[in-house]
Amino acid sequence: MGLNDFEYGRILELLGREPTLTELGMFAVMWSEHCGYKYSRPVLAYFKKYKEAMEGEGLENAGIVDIGDGLGITMKIESHNHPSAVEPHQGAATGVGGIIRDILTMGARPIASLNSLRFGPIRDGEEDASIVERNRYLFEHVVEGIGRYGNCVGVPTVGGEVVFDRRYSGNPLVNAMCVGLLRLDEVTTAAAAGVGNPVIYLGSATGKDGIHGATFASDALGEDSEEKRPNVQIGDPFAEKLLIEATLEALKTGAIVAIQDMGAAGLTCSTIEMASKGGVGMKVNLDHVPMRENDMTGYELMLSESQERMLAVAANGREHEVIDIFRKWGLKAEVIGHVSEGNTEVTRHGVVEASVPAALLTDHCPTYTPEAVVPDYYRSAVAFDISTLPVAEPHGALLKLLSSPNIASKRWVFRQYDQQVQTQTVILPGGGDAAVLAPRGTTKGISVCVDGNGRQVYFDPYVGGQLAVCEAARNVACTGARPVAVTDGLNYGNPQRPHVYWQFRESVKGIADACETMGTPVISGNVSFYNESELGEVLPTPLVGMLGVLDDSSKAVGIAPTSESGSIFLVSVMSVEVRQGGLGATEFLHEVHGIDNGVPTAPDVEGERRLCDFLVLAASSGNLEFAHDLSDGGLAVAAAEVALAGECGLNLQVSHQVRQDSLLFGEVPGRVLIGMTEEDSGIRESAERHGLTFEAIGTWSRRASTLTINETSWTLDHLRSAYENSIPSIMAG
Amino acid sequence: MKVAVIRFPGSNCDQDAYHALRSDVGIGAEYVWHQDRSLDGFDAVFVPGGFSYGDYLRCGAIASEAPIMEAVEQFAQDGRPVIGVCNGFQILCERGLLPGALMLNVERKFLCQNVELEAATKRCLWTAGVDRVISIPIAHGEGRYICDDETLKRLNGEDLVAFRYVNGNPNGSTDRIAGVINGRGNVLGLMPHPERATRANLGGTDGMLILKALTLIETSSR
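Going line by line, the protein sequences match chains A and B. Residues 311 to 1043 in my numbering are what the first sequence spells out, letter by letter. Residues 3 to 224 in my numbering are what the second sequence spells out, letter by letter.
There could be a bad hint or two in this list.
Claimed, not checked - Pulled a few chain B residues facing chain A out of the computed Cβ check, cut under 7 angstroms: (1) N14; (2) G56; (3) P139; (4) A141; (5) E144; (6) R198; (7) N203; (8) G206.
What the hints assert, rightly or not - For lysine to aspartate or glutamate, the following EDC-like pairs were computed, each having C-alpha atoms within a straight-line distance of at most 20 angstroms: (9) K124(B) / E75(B); (10) K359(A) / E826(A); (11) K642(A) / E603(A); (12) K865(A) / D990(A); (13) K518(A) / D597(A); (14) K111(B) / E603(A); (15) K710(A) / D1027(A); (16) K214(B) / E144(B); (17) K111(B) / E75(B); (18) K819(A) / E610(A); (19) K720(A) / E72(B); (20) K638(A) / E160(B); (21) K638(A) / E32(B); (22) K593(A) / E610(A); (23) K111(B) / D990(A); (24) K358(A) / D376(A); (25) K710(A) / D695(A); (26) K638(A) / D150(B); (27) K348(A) / D605(A); (28) K4(B) / E75(B); (29) K111(B) / E454(A); (30) K754(A) / D26(B); (31) K359(A) / D376(A); (32) K518(A) / E450(A).
Simulated from the structure, these hints should not be mistaken for lab results. All C-beta atoms in this analysis are idealised placements derived from N, C-alpha and C, irrespective of residue type, glycine included.
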């Protein structure tokens, strides 16, 4: 069940008796890493807002960002890695569904989904044929599952990322992010209150699927994982769509006192957490729970993770207002108990199956601080010397990078997602460095993206964590949005391995410190450990979901130049100490030299903040034709992406005194390409005032059909073919 | 002028249509619940896209049997304007108000992208304003229009093809058909989403060229 001897001993001590089987199951899920955060809580205290919330009034309201006009945004990432490894379509789909309900439960309408995916290599020859084939299968079906669920539920999938690396073979990562919009005066709570108030079960019936999903998620994948297919829940996006409309309609009545979704650990988690948050108890009669099979035991009912369910507390006497709305939408709605004092108690067939103070399960989960050890690979990465590397031939190197699945166009993926339903998406996938939405009822825009780079984090976790924050902030700032808040998705191997715990601790510290400097608090997040299989553990992969706000959504900036021709400028943070020529831990080193080594260049986070401030100001002038940050593959890839997005030729002359491959492909943080039809002296002065380097490096023209950087030229046809055809032809093969 | 936007469980473009009609086209629109039976007071019907009843059984099949569809059928038979978009098109075909059917895309994947369309007929109000190739989005997994040879002959002979895809045929539709009308020309079904293209910052305004037809309808005072 996932509890160790020490934890069992603690349960005996807390209860003063042997637990019943149902109680034991409840402790096991609530004290799983997935729900109890037992290995991560001490480290999560690096996040200032998290720490304050834990010490103060709880996490709940920490997760809402006021964007003005009486509106708030809430957002969260959640992983669904293990279910997706076993049953990719349903695993990914229920990941999307779960996070949508998390947002809905705050009283917010889900307005956008994003996702961040990691798989093993999909190109023939990169690993054993059977592994490559399995990776392609996982990739195809995860994308299909996300699409099927998101498209049907009517929440647009507006952004995301997909990365392939052999260290994700055997344990793919599937993280779903959802963004919700709410009125600040309509925020809901999960804290049960009012002794005697009815507890209402809402949504789909409970079946025997997904029992112990949360404990499954808190263990490594092994040869028996295939047998865990029954632990994977089945998603019904149609039911979820009804749940969204019914919940939002029911909340408007004011009859709902508290509400929470039934996600991981189902009825256990929702009853216990709602009771614990409210400092009350609950008396629940499981006989009233709508069931798909009548022979379900109390244990099964408490631990099922059947999807598309919510639990609400209604004001006594007003339960019918809620029930009527849910039934109108064709959903089940049954009173299953009431708020009480004292223990939370569940009965089945007249027998008390569990009776415990809720706080024992939520507040007494043990925490562990395992040993952290700096691994040897880190020392050799720091010592990596690029002077021994031959300088690569640039023409072929860029084409190779553009066709690498990590950099190549993800059109094959995002065309399978409805990006526009709700008709608020201003910048679509591929159109900008982040998605931009224009919610109805405000002229403001919101920009969202999710970024992570496991390779950088692996080789230098602290710097990698900082880089993820800076990259995400830069991306929303390139669209013209001021970065305001972060949600994180933290994916690692087994924390009991000292080097994994080191990766975890250092990267979280990097994220926390960077967020502090950037002024973007971490408002929510998720931890996923034990991402490993017999093929090894995954790259440490913290993901940063960033929210930005534009004062005027009509001023959003994309990556494609719109005018016939104009000038291109490179804006850079000055005080970056470039390590290893900017080539350590890069896609270039991996793809062109077949080397995974070296350390990434650390960002100057304070400078990055100024860069973001500058970009927001520049965008508000209305004079930016495009903005695109230098990221994977450096200057050459960024320039190629601008050329392809705008169907125009670029002629760039850059005179930096560094080796050619560093200049073209080095990944030095804090750099952005911007375009203007003619140089705006106000923008140059603003850059200088923000302590940034501002260089005119060339021009674009729709009449031209080549990309030229210094003495090397590429035709747009060659670039397009490498960039656009790569993933479709791999997946057709 | 008031348009009835029909809401089925699982409709998800109902709100988009409602807002596009009211805010951008500038006409009245109200939701009508699938269990209602009357369209009194409405001048046109918009059957929106989405996944009515989760696409269970067949896309549009269950919705086509909903109580409101009897009224929609009568409305159509009275020669009054009905437009069905995406799942709405599927529902109208399932109800027998339009010929043909929509099948899984030829690539067997959902497709969300812009497509180019030409008006293939001039004999209905829906295409009156479409005087050039327009670009509007599609978002569907089952949008490949098919019909038997006889129906195809009739569609072409009686000028019932409303829209064709140009510069490509994204879902593999028969004869590149993106939308069809009924014999009287008052009922239109199309897979692309005109209600998603009514604002410059939301992918252009070409959808207005179709939806503007609704402003030309004489309002009834019934």
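Results of checking the hints against the structure:
1. N14: 3 angstroms, holds
2. G56: 3 angstroms, holds
3. P139: 6 angstroms, holds
4. A141: Since the shortest Cβ distance to chain A is 5 angstroms, the answer is holds.
5. E144: 11 angstroms, violated
6. R198: OK, holds: R198(B) within 7 angstroms of chain A, min 5 angstroms.
7. N203: 5 angstroms, holds
8. G206: 12 angstroms, violated
9. K124(B) / E75(B): 24 angstroms, violated
10. K359(A) / E826(A): 10 angstroms, holds
11. K642(A) / E603(A): 15 angstroms, holds
12. K865(A) / D990(A): 17 angstroms, holds
13. K518(A) / D597(A): 15 angstroms, holds
14. K111(B) / E603(A): Violated, because 34 angstroms separates the two Cα atoms, which is more than 20 angstroms.
15. K710(A) / D1027(A): 14 angstroms, holds
16. K214(B) / E144(B): 27 angstroms, violated
17. K111(B) / E75(B): 32 angstroms, violated
18. K819(A) / E610(A): 39 angstroms, violated
19. K720(A) / E72(B): 44 angstroms, violated
20. K638(A) / E160(B): Not OK: K638(A) and E160(B) at ~43 angstroms, beyond 20 angstroms, violated.
21. K638(A) / E32(B): Roughly 19 angstroms separates the two Cα atoms, so the pair holds.
22. K593(A) / E610(A): With a Cα-Cα distance of about 18 angstroms, the restraint between K593(A) and E610(A) holds, given a limit of 20 angstroms.
23. K111(B) / D990(A): 45 angstroms, violated
24. K358(A) / D376(A): Judged against 20 angstroms, a Cα distance of about 18 angstroms means the pair holds.
25. K710(A) / D695(A): 23 angstroms, violated
26. K638(A) / D150(B): Answer violated: K638(A) to D150(B) is near 40 angstroms, above 20 angstroms.
27. K348(A) / D605(A): 34 angstroms, violated
28. K4(B) / E75(B): 18 angstroms, holds
29. K111(B) / E454(A): 8 angstroms, holds
30. K754(A) / D26(B): OK: K754(A) and D26(B) at ~19 angstroms, within 20 angstroms.
31. K359(A) / D376(A): 15 angstroms, holds
32. K518(A) / E450(A): Answer violated: K518(A) to E450(A) is near 27 angstroms, above 20 angstroms.
Of the numbered hints stated above, those contradicted by the structure are hints 5, 8, 9, 14, 16, 17, 18, 19, 20, 23, 25, 26, 27 and 32, listed in ascending order.
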